[in-house]
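Novice: Listed below, chain by chain, are the residues.
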Amino acid sequence: MTWVMLIVLLLSGQVWAGEARPLADDPVAEARLKHLAVELRCLVCQNQTLADSNAPLAEDLRREVREMIAKDMSDKEIIEFLVARYGDFVLYRPPLKATTTLLWVGPFVLLMIGATALIITLRRRAHKVVDVPVTDEEHRRVEQLLAEGSKRS
Amino acid sequence: MNRFLLPLSIFIVVVVFLGVGLKLNPREIPSPLVGKAAPDFSQPQLYDPATVFSPADLKGKVWLLNFWASWCSGCRTEHPVLMELAKSGEVPIFGMDYKDQRDEALAWLKRWGNPYPVVGVDDAGRVGINYGVYGVPETYVIDKQGVIRYKQIGPLDPDTVAKKILPLVKQLESQ
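Chains as they are written, first to last, in my numbering: chain A, 1 to 153; chain B, 154 to 328.
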């Protein structure tokens with residue numbers, strides 16, 4: 001029994017060792033890969049970066065990026081390689097182009113519309129509010145009511 | 154009346170936007186490769202690993218390149234459509250066995266039928282990356298000059314074949 005458990009333990013240890021593989025052997029290359037991979041979108045699970053995703057395609061793309069790093073290609077060249085194949089969609093920060101104008105400008109346009117609506121509403125309201133002077137009689141009444149209230153509580 | 158006009162119009166605009174959003178498929182990413190030369194490759198053939206399959210052999214022909222795999226369930230859905238299209242003889246469909254096991258791929262084709270004159274093997278998925286494949290099945294229409302004219306993401310269905318693929322193939326054939 002003991003030796004069975006020993007074998008199980010040994011085997012499971014190997015399984016864990018397989019999972020904790022570094023992204024690249026060379027720490028400099030690994031840092032570059034990480035830096036690039038967080039900027040790139042995994043196309044299979046679209047809300048994950050290439051660094052986070054465990055999809056087989058993400059693994060392949062990381063391998064591809066690793067090889068390009070080994071070939072001493074610049075970040076720009078690597079990103080161009082991926083954009084040529086998968087389009088701007090792979091970038092988490094899409095470039096400002098004719099097709100992406102709405103994406104970049106849209107939030108600011110909405111903010112402007114909101115701000116304008118707010119200013120107009122506030123101005124209109126300011127006109128509606130009229131100062132009503134309080135007479136001495138009303139003042140006395142208020143004081144009296146407040147005094148009564150404090151006595152009761 | 155005027156009091157409700159503004160909220161109502163905003164509501165209608167939002168409903169229209171959300172309605173359009175529902176119809177969009179976020180998995181369909183427009184390919185930047187449409188209109189560009191089909192990336193070159195030389196891959197071993199599935200039935201004859203000693204022979205190489207390359208798009209250069211198909212210059213002057215309109216053809217389809219279909220990425221598939223025996224592990225892919227969408228490919229199973231698509232398969233009868235490919236068989237039908239192959240039988241019609243309208244356009245040749247060349248296969249690319251994407252990240253698959255050779256024996257499993259052969260068994261799959263034996264079981265369900267083989268619509269491809271030639272199947273290439275893309276073991277490591279590199280050809281797939283060059284073609285911007287991010288999920289099998291994907292199908293490319295390639296013209297006589299070797300330019301990609303259309304990319305189908307996901308399984309082909311009879312409707313797409315009849316309304317998009319075949320008219321496009323006819324138009325490209327006549328060029």
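Bear in mind the hints are in silico, worked out from the structure with no lab data behind them.
Incorrect hints may have been included.
Distance condition first, Cα-Cα at most 30 Å in a straight line; then the derived DSSO-like pairs of lysine-lysine [as the list claims (entries may be wrong)]:
| # | chain 1 | residue 1 | chain 2 | residue 2 |
| --- | --- | --- | --- | --- |
| 1 | A | K71 | B | K189 |
| 2 | A | K76 | B | K316 |
| 3 | B | K189 | A | K97 |
| 4 | A | K76 | B | K263 |
| 5 | B | K252 | A | K34 |
| 6 | B | K263 | A | K71 |
| 7 | B | K176 | A | K97 |
| 8 | A | K76 | B | K189 |
| 9 | B | K316 | B | K189 |
| 10 | B | K176 | B | K212 |
| 11 | B | K304 | A | K97 |
Novice: Output the indices of the hints that this structure fails to meet, ascending.
Specialist: 2, 4, 6, 10
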